[in-house]
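Number of protein chains: 2
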Amino acid sequence: MGRGEATRERILAIAESAVLAKGFGATSIEELIAEAGITKSGFFYHFHDKNALARALLERYMAREDAQLDDVFARGRELAGDPLHGFLAGLKLLAETMSDLPGDYPGCLVATYCYQERLFDRDVRELNRRIVLRWRLRFSAILDEIVVQQPPRAPVDTQALADMVSTIIEGGLVLSRATGDSQILPTQLMLLRHYIQLLFEP
Amino acid sequence: MGRGEATRERILAIAESAVLAKGFGATSIEELIAEAGITKSGFFYHFHDKNALARALLERYMAREDAQLDDVFARGRELAGDPLHGFLAGLKLLAETMSDLPGDYPGCLVATYCYQERLFDRDVRELNRRIVLRWRLRFSAILDEIVVQQPPRAPVDTQALADMVSTIIEGGLVLSRATGDSQILPTQLMLLRHYIQLLFEP
DNA sequence: CGGTTCACCGTACCGGACGTCCAGTTTGAC
DNA sequence: GTCAAACTGGACGTCCGGTACGGTGAACCG
Chain A
1 MGRGEATRER ILAIAESAVL AKGFGATSIE ELIAEAGITK SGFFYHFHDK
51 NALARALLER YMAREDAQLD DVFARGRELA GDPLHGFLAG LKLLAETMSD
101 LPGDYPGCLV ATYCYQERLF DRDVRELNRR IVLRWRLRFS AILDEIVVQQ
151 PPRAPVDTQA LADMVSTIIE GGLVLSRATG DSQILPTQLM LLRHYIQLLF
201 EP
Chain B
1 MGRGEATRER ILAIAESAVL AKGFGATSIE ELIAEAGITK SGFFYHFHDK
51 NALARALLER YMAREDAQLD DVFARGRELA GDPLHGFLAG LKLLAETMSD
101 LPGDYPGCLV ATYCYQERLF DRDVRELNRR IVLRWRLRFS AILDEIVVQQ
151 PPRAPVDTQA LADMVSTIIE GGLVLSRATG DSQILPTQLM LLRHYIQLLF
201 EP
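Sequences listed follow chains A and B, in order. Okay, so the first sequence: first residue is 1 according to the UniProt record's numbering, each after it adds one. Okay, so the second sequence: first residue is 1 according to the UniProt record's numbering, each after it adds one.
Incorrect hints may have been included.
One copy or any two copies: either way a pair holds, since identical chains are not told apart in the list.
[Stated by the list, open to error] Capping the alpha-carbon separation at 27 Å, the derived lysine-lysine pairs in DSS-like fashion look like this: (1) Lys22 <-> Lys50; (2) Lys92 <-> Lys22; (3) Lys40 <-> Lys22; (4) Lys40 <-> Lys92; (5) Lys92 <-> Lys50.
Rather than coming from a laboratory, the hints here were simulated on the basis of the structure. Keep in mind it's a predicted model, so treat the numbers as computed, not measured.
Given these sequences and hints, build the entire structure.
Printed below as a string of structure tokens:
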């Protein structure tokens, strides 16, 4: 990573935590450059305007999130003999990961963006949308595999069930933040896991 | 409702939709008074600063939400012979209500506030927290009643399950907004309903 | 060794947003 | 007719945010 890239990355890291804490609109460029130790001109060298920052933040976030989910569910799959129990193990690992997160409680950029829609241009909103659809695809692929192997107790809409994973994560984050209780999200993930157990286990 | 109260209410209504669309930080007082047809002095006559507006918005929102939930679950209870099926009916009614909401997709003030924490003073944050705990109490009371009458298939943490209702609603709103698909929230509510069915029905 | 590019710095500017102040005016209730 | 409530009008201060643009040191390149 060259010097420029390092600065860019530093700005993004600072911006992400600020945006998650206060929202995008309330995060000032001045505040970012102060913490990053650069000038305003330096900032605008890397991002042509604030929307470009928003997009870069979201792209970075998506890549990291993807990698984390890949990892968690791959590890879950390795622990189990069949897709169902691999998925269940993955959900448990995810809950544990979420439960051990340090410091100020984290949020989801997708959620902060969708509650400030009007601040962003079409590109950013479309990217946000694609991220959610990507999650749906990720989980529905796993669920489709499970359905083939393990006939469910009741007919299952794998897309809706895939969305349920995202729904629980987003909702759990909101509740965790609102109450200050970081255990809500992992607990909710375990309830989802239980639902899937009831659905598929004999 | 006197003249003053009517103006105040008008400001709040305008502010609520603006805040849900763009976030609190990005909603300007100037913009609100333009739409309300009053002057800045008029605004500050009703709200001593922006935080006071935030608190009033949240209080109004909570009252409305409470009334709606009261209504929906009371109607559900009337349709059914026992608490379990009353709750299930209530969830279905709620899903239908959410599915028929008109116009630009609605959100939840609690969620927008908790993703912009730093903008608000302690009072507002505490109020936000109390709203979520109130929801927990509301649903766990129903669930406790159900558990007594209908032994669940597996041991149930009624508080966590109560939180699951809020989690699904908040998460469903995020996904609905992000994708632009207003059916996600009702669909997710029906999945939650199904989980509760599996938990309690023989 | 000259030139070019990268990665910034310094500084200036404009408008917008919050908030204050205060004097004056309309409205409705009694 | 009086009084308080509910505003209007407009000026003002202050901060910040996005933008613009010219300069500059270091690194690389031929």
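The hints, checked one at a time:
For a Cα distance limit of 27 Å, the shortest separation of lysine 22 from lysine 50 qualifies both inside one copy, at 15 Å, and across copies, at 16 Å. Taking CA atoms no more than 27 Å apart as the test, lysine 92 paired with lysine 22 passes in neither setting, with 30 Å inside one copy and 35 Å between copies. With identical chains, the CA atoms of lysine 40 and lysine 22 are at most 27 Å apart both within one copy (20 Å) and between copies (25 Å). Proximity of lysine 40 and lysine 92 under a CA criterion of 27 Å is satisfied in neither setting, with 44 Å inside one chain copy and 53 Å between copies.
For a Cα distance limit of 27 Å, the shortest separation of lysine 92 from lysine 50 qualifies neither inside one copy, at 38 Å, nor across copies, at 42 Å.
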